[in-house]
Amino acid sequence: MNAGPDYLHEGHSLRSWLLSTDHKRVAWLYLLSVTAFFFVGGTAAALMRLELVTPAGDLLAADTYNEMFSLHGIVMVWFFLIPAVPAVLGNFLLPLMIGARDLAFPRLNLLSWYIFAVGGLFTVITIVAGGVDTGWTFYTPYSSMFSNSNVVLAIVGVFVTGFSSILTGLNFIVSVHKLRAPGMRWFRLPLFVWSLYATSLILVLATPVLAMTLMLVALERLFGIGVFDPALGGDPLLFQHLFWFYSHPAVYVMILPGMGVVSEIIPCFARREIFGYSVMAYSLLAIAMIGFLVWGHHMFVSGQSVYAGMVFGLLSFLVAVPSAIKVFNWVATLYRGSISFETPMLYALGFIGLFSMGGLTGLVLASMAVDVHVHDTYFVVAHFHYIMVGGMVMAFIGGIHFWWPKISGRLYPEFLGRLSAILIFFGFNLTFFPQYIMGYLGMPRRYHEYPPEFQIYHLLSSAGAATLAVGYLFPLCYLAWSMFRGPLAGANPWHATGLEWQTGSPPPAHNFATTPQVTRQPYAYDPTRSREDRA
Amino acid sequence: MPDSRALRAQFDDLGQQREAAALGMWVLLATEVLFFGALFTGYTVYRLAFHDAFVAGSGHLNVVLGTANTAVLITSSLTMALADVASRSGSRRAVIGFLAATAVLGSAFLAIKGLEYAQEYREGLVPLNSLVFSYSGPDAERVQMFFNFYFAMTGWHSLHLLIGIGLLIVFIVLAWRGRDRVRLEGNVRAGALYWHFVDIVWLFLFPVLYLVR
Amino acid sequence: MEKQTVRSFVFVYLALIGLLALTVGSSFLELGRLNVFVNLAIAAIKAGLVAAFFMELRAAQAVVRLAALAGLFWLALLLGLSLADFLTR
Numbered sequence: 001m002n003a004g005p006d007y008l009h010e011g012h013s014l015r016s017w018l019l020s021t022d023h024k025r026v027a028w029l030y031l032l033s034v035t036a037f038f039f040v041g042g043t044a045a046a047l048m049r050l051e052l053v054t055p056a057g058d059l060l061a062a063d064t065y066n067e068m069f070s071l072h073g074i075v076m077v078w079f080f081l082i083p084a085v086p087a088v089l090g091n092f093l094l095p096l097m098i099g100a101r102d103l104a105f106p107r108l109n110l111l112s113w114y115i116f117a118v119g120g121l122f123t124v125i126t127i128v129a130g131g132v133d134t135g136w137t138f139y140t141p142y143s144s145m146f147s148n149s150n151v152v153l154a155i156v157g158v159f160v161t162g163f164s165s166i167l168t169g170l171n172f173i174v175s176v177h178k179l180r181a182p183g184m185r186w187f188r189l190p191l192f193v194w195s196l197y198a199t200s201l202i203l204v205l206a207t208p209v210l211a212m213t214l215m216l217v218a219l220e221r222l223f224g225i226g227v228f229d230p231a232l233g234g235d236p237l238l239f240q241h242l243f244w245f246y247s248h249p250a251v252y253v254m255i256l257p258g259m260g261v262v263s264e265i266i267p268c269f270a271r272r273e274i275f276g277y278s279v280m281a282y283s284l285l286a287i288a289m290i291g292f293l294v295w296g297h298h299m300f301v302s303g304q305s306v307y308a309g310m311v312f313g314l315l316s317f318l319v320a321v322p323s324a325i326k327v328f329n330w331v332a333t334l335y336r337g338s339i340s341f342e343t344p345m346l347y348a349l350g351f352i353g354l355f356s357m358g359g360l361t362g363l364v365l366a367s368m369a370v371d372v373h374v375h376d377t378y379f380v381v382a383h384f385h386y387i388m389v390g391g392m393v394m395a396f397i398g399g400i401h402f403w404w405p406k407i408s409g410r411l412y413p414e415f416l417g418r419l420s421a422i423l424i425f426f427g428f429n430l431t432f433f434p435q436y437i438m439g440y441l442g443m444p445r446r447y448h449e450y451p452p453e454f455q456i457y458h459l460l461s462s463a464g465a466a467t468l469a470v471g472y473l474f475p476l477c478y479l480a481w482s483m484f485r486g487p488l489a490g491a492n493p494w495h496a497t498g499l500e501w502q503t504g505s506p507p508p509a510h511n512f513a514t515t516p517q518v519t520r521q522p523y524a525y526d527p528t529r530s531r532e533d534r535a
Numbered sequence: 001m002p003d004s005r006a007l008r009a010q011f012d013d014l015g016q017q018r019e020a021a022a023l024g025m026w027v028l029l030a031t032e033v034l035f036f037g038a039l040f041t042g043y044t045v046y047r048l049a050f051h052d053a054f055v056a057g058s059g060h061l062n063v064v065l066g067t068a069n070t071a072v073l074i075t076s077s078l079t080m081a082l083a084d085v086a087s088r089s090g091s092r093r094a095v096i097g098f099l100a101a102t103a104v105l106g107s108a109f110l111a112i113k114g115l116e117y118a119q120e121y122r123e124g125l126v127p128l129n130s131l132v133f134s135y136s137g138p139d140a141e142r143v144q145m146f147f148n149f150y151f152a153m154t155g156w157h158s159l160h161l162l163i164g165i166g167l168l169i170v171f172i173v174l175a176w177r178g179r180d181r182v183r184l185e186g187n188v189r190a191g192a193l194y195w196h197f198v199d200i201v202w203l204f205l206f207p208v209l210y211l212v213r
Numbered sequence: 001m002e003k004q005t006v007r008s009f010v011f012v013y014l015a016l017i018g019l020l021a022l023t024v025g026s027s028f029l030e031l032g033r034l035n036v037f038v039n040l041a042i043a044a045i046k047a048g049l050v051a052a053f054f055m056e057l058r059a060a061q062a063v064v065r066l067a068a069l070a071g072l073f074w075l076a077l078l079l080g081l082s083l084a085d086f087l088t089r
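Protein chains in written order, with the numbering used here: chain A, 1 to 535; chain B, 1 to 213; chain C, 1 to 89.
In case anyone wonders, no lab produced these hints; they're calculated from the structure. Bear in mind the structure is a predicted one, so any value in this text is a computation, not a measurement. Where a beta carbon is used, it is the ideal one built from N, C-alpha and C, also for glycine. Check each hint, because a few of them may be wrong.
Some, not all, of what chain A presents toward chain C, calculated at C-beta under 7 Å [claimed, not checked]:
id	residue
1	241
2	292
3	304
4	305
5	308
6	310
Non-contacting residues of chain B with respect to chain C, defined by C-beta distances greater than 12 Å in every case (computed) [unchecked claim]:
id	residue
7	6
8	92
9	124
10	159
11	165
If you want the footprint, here are the derived chain B segments under chain A, 3+ residues with CB under 8 Å [unchecked claim]:
id	region
12	15-22
13	35-47
14	136-149
This is chain A alone, in the form it adopts within the complex:
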């Protein structure tokens, strides 16, 4: 089956990694860099949680605290969540899943990592130079006129990284259109590929608006070309519209690929075909599309016209429909399945619960009247962390476990895997569930001190964060061990059906010995037979 050495043994020099255009090696470059950024952003979060253990502002000064939450947001959004699943798992798997030898533009793919690295470098310089205190949203006129922190440096970092997202999205779109193997019709594509396609549409069409908007803020700070300057009649809400035109769809960049991962894991460990395949595919596209129509729900209390607010609120309810369809279909896939609870499945099941929770509280926030009460409170913080962390991070780690045998050719220790999955699930809920309550009771976000009656919630939340941190460190250690010492996995340890499992683990440099011919749907599982005797 194997043709030539696998991609990990195609060369051992540093150069052979840093200049490789092999999508699998580029995925590794991304994996290492987003992991590093995850722990940078995580450190900022840990410091904040530590500060919030007591009501007084004793550990971090107010300014430092502002820099911490800005850093946490910027790093986690642009340097972890957005690239995590698309640029790591997507890069590795998309060509394998469509039966291609590589992406359509491999050199562009490598270039996009370098652009990402340059953007990351600017962000690191921002941190070293003393940070930025605008929050990840860079709202004007504070960011353009008043902040004394390194706004321009931070903006350049995000701006540059934006181009890496655009190039990744472009590469995925063209690859899915032009590089599918013979017989791989659109409705035979794995749902993970569908989710990457939907994600790429957002990356390509929304990112440029953010890039231009942030550039205008930088122009205003550097050259005084102030299109947001209130003294000239500039409208701060214009910035917010442009910003959220990108940043709301970007939320879907941070969840759609996670949905794709879960749609691969659930059928495999329930041994059942995914329920309602085509509806699942359409709902991914629908979420990407409707996601562009709802951005004004971030601006209900900003002075936006009430009529626009009504439209945005209504459309926001609409986006819940395809999301709910997905949840129902995952659950329906489980029904009468032959379910086993390996680590990836634990993460996937956790995803369904936590995503539902985050999604439903999103509906609460989309109701204008309620939003007035909970806007800018911990309720909002809890809501989007249930989506981002409870959803996307769970899906990312679950996906890493699911495809680890393919990526590394080795197995990870199953017991430790399950232990850390459970630890993360409980740690997560302990961290963020109390935030719903204190937010509803009126605790605003972004303060480093607070009235003592909120202390119990903050204490619980900080305890949860500590648990979560341990949970995250576990996989880092045992996966690193498994990379070199883990038992060999074989081509298809899960007895899964996707094309990626039909080549060696790790795959050869050009993925397949011969171009695969696709003749069936992606999820041909049979629940009446156990995994082992199916093989």
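Assemble the complex: chain A is given as a structure, and chains B and C must be docked to it using the hints.
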């Protein structure tokens, strides 16, 4: 005779490769539409709010030079399109000639634009940090907003054109050095799409900035 | 065939120059608010000509035309929904 490097390993044949390249370019251009779209949106919002000030500001631009520049850019699009055709019929000398003509016209556009900027600078209409924006008519702040947009929009457009000229020079050198025909054709095709796009942006910028009534 | 292409390019070029004259000329007429629409309509026609002929969108694959449309459609979303706020305050 196309050399073996013309077909990249991930493609089965040149047709597939060409289609992929065309789609890639068009997706990039869709991205660019939104990139400029952010500027156009901001401009539209303010123009609707401060209509009279925008008319007044627009009145201070040089319509003659603007019109001439539009004609220059349209002409450069024609020569670029002809370079594209020539690259397919394989006449290397014609390709180089048309590419060079396009680059010269593009540079002429930038030169005229520079002339306009110089004129606006002399009139004190450049709202840069250290310069004094000395507009004496009514509603000076709103007029300054117009000029902020004028410089941001034409500035970004000129930057795009500068990148285009750079690309053309690279292609000319490649053609000169005898680059394989299939690969050169691909380069020129992609460059042409980009060039025409930059032209289209200007076709909107011109009436939107110069002809406000 | 190439000769035909070249000839069509020259015609398109002449049309573009003619439209440029038209748009500048129309701006000297007192049409009130109509001036904007005339200008934008002419610009759209010019852009359409460049895209259809010079960029060969006429003969392009369906997915390429879709990509071009997507850019415009999303621009319309950005403009439309932003103005939904600014025009109803």
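| message | Tell me the numbers of any earlier hints that the structure contravenes, in ascending order. | response | 6
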